[in-house]
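Visitor: Residues per chain, in single letters:
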Amino acid sequence: MDDSLIGAPLRRLEDRALLTGGARYVDDLNPDGLLHCAFVRSAFAHARIGAVDMAAARALPGVHAVWAAADLAGILTQDRIPEGFPKPGANRREVGPYVLARDEVTYVGEPVCAVIAETRAIAEDAAERVEVAYDALPAVADCRAALDRGAPDVDSRDPGNLVDSYTVASGAVDEAFAGAAHVVTAELRQHRGVSSPMECRGSVLRFDAGRGRLTMWANTQAPHSHKSVLVHLLGLDEAKVRVVVPSVGGGFGPKLLFYPEDAVAAAGAMTLGRPVKWTEDRREHFLATTQERDQVWEVEMALDADGRILGLRGRLYHDQGAYTARGTNIPFSSATTILGPYIVPAYRMEVFIAGTNKVPATSMRGAGHPQGCFTMERMLDLAARKVGMSPVEIRRANMIRADQMPYTHPVKTQAGQPIAYDSGDYAACQEQALKAIGAEDFPARQAAARGQGRCLGLGLANYVKPTGRGPFESGLVRVGTSGKVSVYTGAIAMGQGFHTAMAQICADRLGLRPEDVTIVAGDTDTVPMGIGGFASRQTVTAGSAIHLAAGKVREKLLGIAAHLMEASENDLELAGGRVTVKGVPGMSVSFADAANAVAGTPGYALPPGMQAGLEANVDFAPSNVTYANGAHAVIVEVDTETGGVRIDRYVVVHDSGRLVNPLIVDGQVQGGVVHGLGNALFESMLFDDGAQPVTTTLAEYLLPSAPEMPNIEIHHQVSPTDRNPIGVKGVGECGVMSPAPAILAAIEDALAEYEVTLDRYPVTPMMLIEKINAR
Amino acid sequence: MAKKAHVTVTVNGDEYEALCEPGQTLVDLLRNELELTGTKEGCSTGDCGACSVMLDGKLVCSCLVLAMEADGRSVDTIEGMATENNLHPLQRNFLELNGLQCGICTPGILIAARALLERNPDPTETEIRYWLAGNLCRCTGYDKIIRSVMAAAEEMRGA
Ligand code: FES
Ligand code: FES
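Those sequence lines, one after another, are chains A and B.
Residues in the first sequence are numbered from -4 upward in steps of one, following this note's numbering.
Residues in the second sequence are numbered from 122 upward in steps of one, following this note's numbering.
Everything labelled a hint here was simulated from the structure, so no lab data went into it.
Any given hint might turn out to be false.
Stated by the list, open to error - Covered stretches of chain B (chain A as the covering partner; in silico rule of three or more C-beta atoms under 8 Å from a C-beta of chain A):
1) 133 to 142
2) 185 to 195
Said to hold, decoys possible - Sample of chain A residues facing chain B (criterion: CB under 8 Å; computed from the structure):
3) E194
4) V243
5) Q399
6) M489
7) T637
Please read all numbers here as calculations on a predicted model, not as lab measurements.
We treat Cβ as the ideally placed atom computed from N, Cα and C, and that holds for glycine.
If we strip away everything but chain B, and leave its shape as in the complex, we get (with noise of 0.2 Å):
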């Protein structure tokens, strides 16, 4: 078997340490490492977007990124995302809009659409369509998270 190595990297603020395979993708690592499996696996090919994650500010795909190369970097992912009692605006406007079915989708859309906020506060819906290609649900056809970003966006304007 190849050498592992060792990766340390920080995760919503909180730093890991962990021996890894030199194939293992941050996915993995997330997930059956450290625990986080807020994160989601629905391709492991970059065509699904369940594993939206951001890696030092960008978004990526962490089924398409090795254990290795977060080393020294900082993640973001789904479970750093509401504060201990208060729900994100885009989590609490998926709450309220119905947002989400199954739920297996929602931590890499919220991510990504976290992701356009930051970089776009008053996307279009088109646009919010568009930026959300990438990441793919089965059950709710879009309409209710389309409506959900738009209103989280409002939302965080006005605050």
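Chain A with its partners taken away, still in its complex shape (with noise of 0.2 Å):
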């Protein structure tokens, strides 16, 4: 259908809000009588809490309240937030953090007290008012060293630091290491930091005492978990409790979190007869905002003389925190995203998941597939000069070819599913990106700049990344008897341009505009189930439902004008808000008709045939996820007196099936690369040895800027899946994959006279400096 609505580049609308400052984030709102939270948070990586005075902040003026753990006993029915993500038959550590910390805290930046005043200011004063007597204990940065002999516990009240473990494997990997040509090994750190949405997390409370209803606005990724939390905690009725999410300034993963500020605003909310704001502030997100930190990789990869792989295997550590906020899946998405588009006869990867004095890791946009991504990337440059053939030969040779499509690895995902290829064309993505970028003339380039004293290098990589998980996402769609539509999901919006696209979907089903299609998502109040925005899935599985619901509307309202013109559905065509007889504008009944003819009249029967009300709702649970790739290649200069690396230029070749969107999927793959180049060259939150945090501010913890980003040229390679209705895959982290090994990748080239390797990201100048020094 060409003039469908999927795949127009339409401008985004929800825009004009945002861009005269109209839109209203949870920050934004100030119900009357607001009260405001300030934490007194642990400085201590490890210790034992003994003493707590909270006289003197109790008697601040303005102050409300002022609470310790022991203080929420008779509120809350549990001290401990539940986990989100638990693993059916949960492991031994794995356990939520605390609301407030009882006996112990275990990482910097662990809420101890709680302070409730008239204002924040009040409160952050009253805070400093509280003292705590704290009993250091030793602390554990290292999630390697967390797991040696003799290592101090991370927590003394559940020793022993291993969280979980588990073993990756398929085939004989031993055997194919025994009759391997070649053998590469390497030990790998992959470090990726703080998730810095511009917007920290926030939630405003407020409890109606008339109707014992309490209301959540929430910057959150998963509005309906965070109602079955709340359920929970404060053991209240479904029916009593709405979770609403306003704007939301960017989410990247720690969003899908609830926190124990969250907790205490409720708890506050519930007594104390007044709403209540909690809003983190930068440093708070540094310190208390889940993070996705460290891997430690050791790795060996077996190929024959021809440089294709034989066997693949190692270990992986994992750093958890000090506790399980949601689950134990990342490190197992690394380590099987790492098999990307690649074939692999025999793999085994043993993780180990280790705990340790820092905030809780949970997943970033990627959520351990970067990592992934990473090591084999990583270990195919690796292997390429040990065998001694280029980078873009030793991929072509291990590529799965697509006349193999579908694809399906031996291994299978945590809950047992096969990862299972559906479609792509692996190999013509790596060469539309060399093509792109100029691969055939770049040694010409590249030694001409070298005769001006000038590093160039260029790097390639590939990635497959799995989108769309389930189980399910909702889709209710409603032809209002003004005749008007609505959509309503649980899937959210967080700056993707959810709404536009969801729009675009729902319109082109029932022959609309898309501004004349409303999207209502992120109010539990309207759709009974949802999941929310993470994993790359919402244009998958929201997409879907919402195709599929404005489908069965679009069935209804033709039954129902076939009824009231006496006419056959066959002659009907819906357009412009009206069902019109083909070649007759004049015989036509509008969507306010229609909808009004299924309303119902009291002493009426409806329609023969019709149900009540002109709408239908999905729930759509995909098969399996469905899998998107691309090829990065990129070209850097580096400054071999700073160390300095200059992007040149970014070519990213992009698959992610049919595009809803292009100009909104476009910028989804520019912020990704932009996330992955911070990761590669910038962003690094720094532990000392005892865990103490030591990059608190935006000035320190360096985000990528303007000035030393590049433009990114998109192309798309389009192979549609057959696992959804519309044959979209999702976009949302598979920008971020790949940019760290095509970087790292490019600097090694560009520094191939010293012969420099890297094993670790961020890239400082500082590390290049050295290496180059040590030539």
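Dock chain one against chain two, each of which comes alone in its own frame, and use the hints as you go.
Guide: Structure representation (structure tokens):
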């Protein structure tokens, strides 16, 4: 269908409010009588809590409550936050954080006491007056050392630092190594850092005592799971709790969680008779918002004489932090995504998830997947050197060919599903990326630059990323008696242009313009179930649900109109908010008339065979994830005097199946790439050996900014999937997959004469200078 | 508690009066007293640019300015950028070219970009990138922001 709205690069419907300062984010909401929270946080990475003196804080005018853990016992049903994403048959140390610390603190920033006061300033002043006696305990900072015999316990109440371990394997890997022509070994360190949305976390809670109803406004990525946490923590009925998501200033993963501060604000709203707001400041974001931190990989790759992979094996250590706030799936994703677009006949990765005295680690844009990609791409570059092939050739030699699709890897996901790639032409993506960046002419350009004393290098990295994770998402499409169309879903908008994309999908089915459709996302009162925004899932899952629901509404519209006009459904078409007899523009029924026909009139039956209400609700449950892929190519220039890296060109060839809105997709890919470039070159959440955070402002933790970022050139391949009715794959996390391995490869190429090998990111100027000088 | 002071400030041409704490910042005054929440607060330390406003025609981080310092002066914020029915060319080009995603950095970026175009109507891409170095955006990767500013500059030069 050429005039389909799916695929149209439409301007975003949400932008006008955002551009004029009219949009409302959670911190813009100030209900009457609002109170504010501040927290006393642990300054110790690990300590026993002694006496807590809250008298001076309580005495401060304007203070309504000062609480330690024990004070919440009568308000909350439990003292810990229920863990998100618990694994069936939970692990030994798989336990959620405390609302307020009891007896012991296990990371710097852990909330110990809470203050609720008239203003944030008063609350902060009161928090400073709380005296907490600490008895310092030894802290664990490194996730591999955490598992050493004799390492101190992260938490003395729950000794032993191994949170979980498992092995992902297939094939006879040791035999593969025994017969290998080449074996490449490496130890790689990875660090994803702090999510850093420009809007920090926040929530506003209001309890309506008259109706016994609690409303939470929160910048969460998962309102339905927030609702269920509130129901459990407060012992309320489902019907008494509503969670609403206003405009969200970026999510990136950690905003999925329900945090201790949210629980305190809820407790305040329930007991103090006034609404309560919690707004995180930037320092708190560095200390107390979950991060996706370190992984240490010990990896070996076996190859035959022609550079074909025979086997891959190793150990992966994952830093989980002090609590398990949201499952243990991140390193599982790393350990499976590592296979990427390549054929790996035999594989074994032993995964060790270790506790440390740091804020808990949970998923951030990419959620473990970029680390898998990094490891494979790095190993291939190292192997290429050893075997004597180019990085391009070795990838070609190992790639899953288009004629082998669909392709199933022998290993399975954590849920036991096959890793079954649905569609994609990986070789074509790589070739297109090489062509676009001018790989053929690059050696000449590189040599010419070298003649002028400049070091240029080219890097390449491929990825395959699962998207559209289930189990389901909801979509309710309704035509009101006004004739207006509204869509309700449990998915949420956090800046992706979600409303526009969903309006396109709905309008496409109903013959409308997208601006005629209102999307309501992130309000638990409007749909009973929902999962939310993460894992590049919403266009696939919510988009499909809305597509199918709109299809059902379309059927109903045709049926009603056929009845009203005594026409055959086959002779009808939908356009401009009317159902019209084809070729007879005068004969039509408006959406409003159709909706009214099934709205019901007391005393009269509905038209024969019709159900009440012109609406349909679909929960779309995909059979499996759908796999997006792409190739990144980059040219960098390295200054051997300063160690500075300038990105000369960056090319992405991206395949996420059918595109709903290319303008939005390109923006998402570019944003992801720059997040990945931040990881590759700048972002480093540093802790000292005692697990004290040392980068706690945006001046110390470097985010990518405009001057050092390149233009990002995007090309598309389109390999639709048959795993959902629109043929789409997810986008949000794809851009972040490959920048780090591509950049490191390019830097090594630029510094070839210095024989520099890079085994970690971010790559800092200091690191490069040391390596250059070591020659 | 320290004594509050009376502050008179003109915002987007309208005069406002407020009682301010000595430690209260301009961004707090705008957002929480005057209910002009279009200006955002991303860090409170001068590192993110989300709070950018014009103070007597000079670009400032309103988280680093005390409310009292704004007494008797004039402030321009995002709320004053569009007229009734017309978006500013910058706003229009951000809309056309998808120069925003979540939008939380956008008011600060628009104010900063307007300040650039007032002093340099024909900036190069590099000049735009350096001018916006203090305005962080986590969503867009900057590419489309830069393109939007260049297109707006061109349109404004033609106008
Ligand atoms: S809030 Fe002022 S610069 Fe970040
Ligand atoms: S658009 Fe989200 S931070 Fe810039």
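Visitor: All hints are to be evaluated individually against the structure, with a verdict given for each.
Guide: Evaluation of the provided hints:
no.	hint	result
1	133 to 142	violated (count 1)
2	185 to 195	violated (count 0)
3	E194	5 Å, holds
4	V243	6 Å, holds
5	Q399	33 Å, violated
6	M489	6 Å, holds
7	T637	18 Å, violated
Hints 1, 2, 5 and 7 from the list above are not met by this structure, while the remaining hints are.
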